[in-house]
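> Work out the full structure, taking the sequences as your base and the hints as a guide.
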Amino acid sequence: MHTSRVALITGANQGIGFQIATDLSGHGFTVLLGSRDLARGEIAAREIGSNVVPLQLDVTDETSVTAAAERVRSDFGRLDVLVQNAAIATALTGEVTSQQLAHAGRPSVIPMQDIRRIWDTNVFGVLAVYQAMLPVMRLTPGARIVNISSGAGSLTLNAQSDFPLRSGFDAGYCASKTALNGLTLAMAIELEPEGIRVNAVSPGYTRTRLTGFAGTDTVEQGAAEAVRLALLEDRSPTGTFTHAEHGALPW
1 MHTSRVALIT GANQGIGFQI ATDLSGHGFT VLLGSRDLAR GEIAAREIGS
51 NVVPLQLDVT DETSVTAAAE RVRSDFGRLD VLVQNAAIAT ALTGEVTSQQ
101 LAHAGRPSVI PMQDIRRIWD TNVFGVLAVY QAMLPVMRLT PGARIVNISS
151 GAGSLTLNAQ SDFPLRSGFD AGYCASKTAL NGLTLAMAIE LEPEGIRVNA
201 VSPGYTRTRL TGFAGTDTVE QGAAEAVRLA LLEDRSPTGT FTHAEHGALP
251 W
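Each residue of the sequence shown is one higher than the last, beginning at 1 in the numbering used here.
Hints should not be assumed to be uniformly reliable.
Ranges of calculated distance between the beta carbons of each label pair, as one might list FRET restraints [stated by the list, open to error]:
1. S50 with R138: 22 to 32 angstroms
2. G49 with L232: 21 to 31 angstroms
3. L232 with P111: 34 to 44 angstroms
4. T63 with P111: 19 to 29 angstroms
5. S108 with L231: 40 to 50 angstroms
6. L231 with T66: 28 to 38 angstroms
7. F163 with P141: 32 to 42 angstroms
It is worth saying that the hints were derived from the structure and are not from the lab.
Ideal placement from N, C-alpha and C gives every residue a C-beta, glycine not left out.
Structure, rendered in structure tokens:
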């Protein structure tokens, strides 16, 4: 078994995932930098440091997920932290404004192939990676999972008529994060007897490609809560939904 702690971050060649990989590398983890495009992952890994290993991982491809899990098991023999970060906001291509994004995701107009593509990455891909990585995590004392969700997926908040982001709640990205929250809670309940912690975090409105770089927060701020949960000791909470500054968020 690998002697240092091992963390896998999906979708880590850019944005929040890249920052989480950077931060955990700085805390002594061997970081497996998951990237759908291996070449981009290799470039990102070299930029961070020698203890970062690029790992080809397309969460929507069963063969890719299976191969990645086998490499984690055979090459490292442990997985202390799994950060499920890979996500897409839309199936649209090119530059998209927030207004276009909100309109395109409305339940009455979103094409079925588009919603399937979003949910395939943001929901089913998360479950596929969870199932593939769980056997090696069960061999790792104190293992934990952090799912990168969004406050935009909170049903409680969006049910309030005065919630400022309510009009943007869509059937694509936002509802996929609601579903991810449900998966997180199901995972936490399943694994609680085994001591594996599972939590969801909202990074906030972060300046990344996913937001068209229109966010108000830096990637360092967006990564902070996931990194905090990854570094907690064994007696840490499970089944929570939190934000770095706002604390506990309503499901």
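> Now look at each hint and say whether the structure bears it out.
Comparing the hints with the structure gives:
no.	hint	verdict
1	S50 with R138: 22 to 32 angstroms	holds, 29 angstroms
2	G49 with L232: 21 to 31 angstroms	holds, 23 angstroms
3	L232 with P111: 34 to 44 angstroms	holds, 41 angstroms
4	T63 with P111: 19 to 29 angstroms	holds, 26 angstroms
5	S108 with L231: 40 to 50 angstroms	holds, 44 angstroms
6	L231 with T66: 28 to 38 angstroms	holds, 29 angstroms
7	F163 with P141: 32 to 42 angstroms	holds, 41 angstroms
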